[in-house]
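Student: Listed here are the chains, written in short residue letters.
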Amino acid sequence: MTDTTSFWASWELFRDAALAGTLAGAMLGALGVYVLIRRMVFLSAALSQAASLGVATAFWAQIQGAPPWLATPTLGALGGTLLATGLAGLPDRSGRRDGWLGAIYLVGAAGTLAIGTKIVQELQDIESLLFGSGVAVLPDDFQVIAWLAFALGVVQLWLHRGLLHVSLDRDGARVQRLPVRFLDFVLVLSLAAAVSVSTRLLGALPVFAFMVLPALAALDLAQNPTQALVLSAFLGALAGLGGYWLAFSASLPVGAAQTLVAALLVLLARVGRVAGERAFAWHQHRARGPLQHPAHDHGPECGHDAVAHGDHVDYLVDGKLHHPHDGHCDDHGHP
Amino acid sequence: MLMQIHELAVGYQGRAILPRLTLQVEPGQLWAVIGPNGAGKSTFLRTILDLQPPLSGTIVRGEGAIGYVPQRSEVDPAVPQRVIDLVRMGVERGWRVLDPLAARRNPAIEAAMRDTDVAELARTQWRRLSEGQKQRALLAQALAGEPKLLVLDEPTSAMDMHAEAGIFAVLERLRDERHLGIVVISHHLALLARYATHFLLLDKDERLALVGDRETVLRHPAFIERYGQVLDRGGRHD
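Those protein sequence lines, which keep their order, are chains A and B.
Residue numbers are given in my numbering: position 91 of the first sequence equals residue 189, and the series is strictly consecutive.
Residue numbers are given in my numbering: position 114 of the second sequence equals residue 142, and the series is strictly consecutive.
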């Protein structure tokens, strides 16, 4: 029996876990587009570690006798994420915001490891929090992530225009009187909810990977930001499900497998992008053909401005870059 | 009246960086904001756009929207965006952006792209545009909101002379056809002397703010002392 056949034959065993990974990949993949556009990758890393610390703290609190309804891992993850979001959002005039985000990340990671040593009997394996090696998802947890994915999907359908506008052009959005603070709040709340629930189920590593890698691939392939959102959600879902298949086939930890599948998608997207750019340049070259050349050869004395263009020098003629070679000039576009 | 500025003090952390400014922008006027690098031009612009609060004084905005054209470097070339995507963003106003059923096809979009000669570039990616095309795409974005007042931050920086002159010709045409008021930061004195109707010369270091119509400012000793020779050579100032 092939790996794929036996994967589907065993589907009932880990269906909820695989679907939870798929939904988390889709949610975080879409939100990752905003994370990359706003250049806040470090924030997403810090949030995922803070969520894992929240989960570990909830388990520890249960051992210490806290009421189970209060010290649930999901509430712990949400608390950790919201606390980290609040700390990251504090006014900072020192200009070292990335340093503070690094501090949150480190406290989250070290705290999870430290508390993990105190709860190892209860949790079985703290590594599942950090690296996503867990494969079991309880039905209640699956329902939570399914409803959250549905809610965030509705929010995206409703608000993606405004969320993208504020992310792409903040000053322009303010001049156009868009509700910038409201949209910021919606995005941060979406991130906090998606990160905390996903970290509880999958672990910090795949959550961080889903927020960065699918969006990286999607931004390489998409024609516009809205398309990038849809594509990134699809690629995130693919990495979530494909990671389970790879983990099953190669006996790998699930979180690591999901991250590797997402990284492979980035690689494929980059190859596709480079191939597309080269095909475009070749097509343009063929379509333009040789330029009408002035009645002289270009050179230092020809009277046209020499302009550095990539790894060579072109000459500016009537607003266009002329690239002389082999007895004719190619059109290298506008400067 | 499109914008009335009275005794406006601009600056940071409670410290004014320029003398108080009083001026009024009317339809059909093109105001050139000039001065050396670090003179306070961008601070003034951000203040009148309500992107940072004034220290004192008043800014009264007339009816009609303001269109803002940022520097081209503000658009991230790593994000895939076609010209049409950029221009569509210009239509959004206020809480209307939350309306999922708001029509994406808007006559203002087509008019803005036609008036700035980017209609044929609608499906072209931002990163593949020339500098002049990028600037015209940003102009189209601002015009899509059907503004009465257009504010531009260094629209011709890092452009060759040919493209620079093209942008100012488009601005002049828009001013006449749409009866816009325009406020523009630029370093190209030769083009400004031809197209601007009013000047605002700023110099933070010398606490200078010279305001007036073209003839008044171009003949003012403070202007001639700084830029007389540059203007004679027909070039840019730093």
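Incorrect hints may appear among the rest.
Stated by the list, open to error - Examples of chain B residues toward chain A, derived with CB under 8 Å:
hint	residue
1	Met31
2	Pro82
3	Leu83
4	Gly85
5	Ile87
6	Arg89
7	Gly90
8	Pro98
9	Ala106
10	Leu129
11	Ala150
12	Lys176
13	Asp188
14	Phe251
As the list claims (entries may be wrong) - Below, simulated SDA-like cross-link-like pairs (lysine to any residue); rule was C-alpha separation at most 25 Å, straight line:
hint	chain 1	residue 1	chain 2	residue 2
15	A	Lys418	B	Ala150
16	A	Lys418	B	Gly85
17	A	Lys418	B	Arg142
18	B	Lys232	B	Arg142
Calculated directly from the structure, the hints in this document are not laboratory data.
Every residue, glycine too, gets a C-beta built ideally from N, C-alpha and C.
Student: Taking the least C-beta to C-beta distance, is Lys176 of chain B closer than 8 Å to chain A?
Tutor: violated, 13 Å
Student: Using the nearest Cβ pair, does Ile87 of chain B come within less than 8 Å of chain A?
Tutor: This interface hint is violated because 13 Å lies over the 8 Å limit.
Student: Taking 8 Å as the limit, does the beta-carbon of Gly90 of chain B come near enough to a beta-carbon in chain A?
Tutor: Gly90 of chain B check fails; min Cβ-Cβ to chain A is 15 Å, beyond 8 Å.
Student: Can Phe251 of chain B be said to touch chain A, with a Cβ gap under 8 Å?
Tutor: violated, 30 Å
Student: Would the hint on Ala106 of chain B stand, with a C-beta cut-off of 8 Å toward chain A?
Tutor: Hint holds; Ala106 of chain B Cβ to chain A Cβ min 7 Å, cut 8 Å.
Student: Minimum Cβ distance from Pro98 of chain B to chain A below 8 Å?
Tutor: holds, 6 Å
Student: For the hint on Arg89 of chain B, does the least C-beta distance to chain A fall short of 8 Å?
Tutor: Since the shortest Cβ distance to chain A is 11 Å, the answer is violated.
Student: For the restraint on Asp188 of chain B, tell me whether the closest CB of chain A is nearer than 8 Å.
Tutor: Constraint on Asp188 of chain B satisfied, holds at 6 Å.
Student: Please verify that hint: Ala150 of chain B, Cβ, nearest Cβ of chain A, below 8 Å or not.
Tutor: violated, 12 Å
Student: Given the hinted pair Lys418 of chain A and Arg142 of chain B, is their alpha-carbon gap at most 25 Å?
Tutor: holds, 23 Å
Student: Grab the minimum C-beta distance from Leu129 of chain B to chain A and call the hint holds if it beats 8 Å, violated otherwise.
Tutor: violated, 10 Å
Student: Verify the interface restraint on Gly85 of chain B: the C-beta must sit less than 8 Å from at least one C-beta of chain A.
Tutor: violated, 20 Å
In terms of the numbered hints stated before, the structure departs from hints 1, 2, 3, 4, 5, 6, 7, 10, 11, 12, 14, 16, 18, listed from lowest to highest.
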